[in-house]
Amino acid sequence: MTLLVVSSTAHTIFQELYIEGVSQGLETGIRTVRSSNPLKNMSSPDIICNGAVNNFSQNPAPDVVTIPAGSRITTEWHNMLKGPDPTNPDDPIATTHLGPIQVYMAPIENPYDTDVESLEWFKIYQDGVSSNNTWATQKLMKSGGTVDHTIPSCVPNGTYLLKGEIVALHAVGPTGKNVEIFTGCAQVNITEGGDAELPRFKFQEGYSSTTPGLIWNVYEPPANVSYPFPGPALFTC
1 MTLLVVSSTA HTIFQELYIE GVSQGLETGI RTVRSSNPLK NMSSPDIICN
51 GAVNNFSQNP APDVVTIPAG SRITTEWHNM LKGPDPTNPD DPIATTHLGP
101 IQVYMAPIEN PYDTDVESLE WFKIYQDGVS SNNTWATQKL MKSGGTVDHT
151 IPSCVPNGTY LLKGEIVALH AVGPTGKNVE IFTGCAQVNI TEGGDAELPR
201 FKFQEGYSST TPGLIWNVYE PPANVSYPFP GPALFTC
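Mapping to full-length UniProt numbering: the sequence shown position 223 is 223, numbers consecutive.
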């Protein structure tokens, strides 16, 4: 496979999935893109699972990853579609890129279906900014590009898309513009699950150019106001 070498834009690509610490393989089950460029148009369906604008490496992926409900999973991100690069000071993402990391899931009858606009999502993970002003992206840099989270044990069995998302707010500043989204979706099959009724969220209805969590000034945040995560409330069993 020929890989596109991404220039020093210091952006990032979701490219590997782990189950209980075991790698499923580079790109396995993931609708990966070759370009790490950010998505900036909040009204575009590309913000759901990325888009052709970033030159899909595989869409859909040829594999579906089976995950037992309740499992600890890890999403891995890097600047280029080739895994870690210790020679790159901005791998997995530039140190300037501050913002939250979120993970969503959506039931999908056919995991190879590339129409994602009709899907309804729920959020299983979110990490924003800590009391010492450390952002989730800074933790990502420290971990070498990995983020750990858990598939809720009550999620029903079936096929889903699992969406990793990084919201970079470094360029927003006082303008309320220029948010950057990095995202990608994995095709997964959940087993040993429960019977929870899942929330339903659509990105084209819930993300916009006025969504508070997408226009947040990371350098001069409002006093005594917690960061407002974009999207729905976190789903728990």
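Warning: the hint list may mix true and false statements.
To be verified - In the DSSO-like style, the derived pairs of lysine-lysine whose C-alpha atoms are separated by at most 27 Å in a straight line are:
1) 82 <-> 142
2) 202 <-> 177
3) 139 <-> 177
The hints are simulated quantities; they were obtained by calculation from the structure and are not laboratory data.
The hints, checked one at a time:
Distance check on the hinted pair: residue 82 and residue 142 sit about 19 Å apart at the alpha-carbon level, within 27 Å; holds. Of the supplied pair hints, the one linking residue 202 and residue 177 holds, its CA atoms being roughly 22 Å apart against a limit of 27 Å. Taking the CA atoms of residue 139 and residue 177, the gap is near 24 Å; set against the 27 Å cutoff, the hint holds.
The structure fails none of the hints (numbered hints given earlier).
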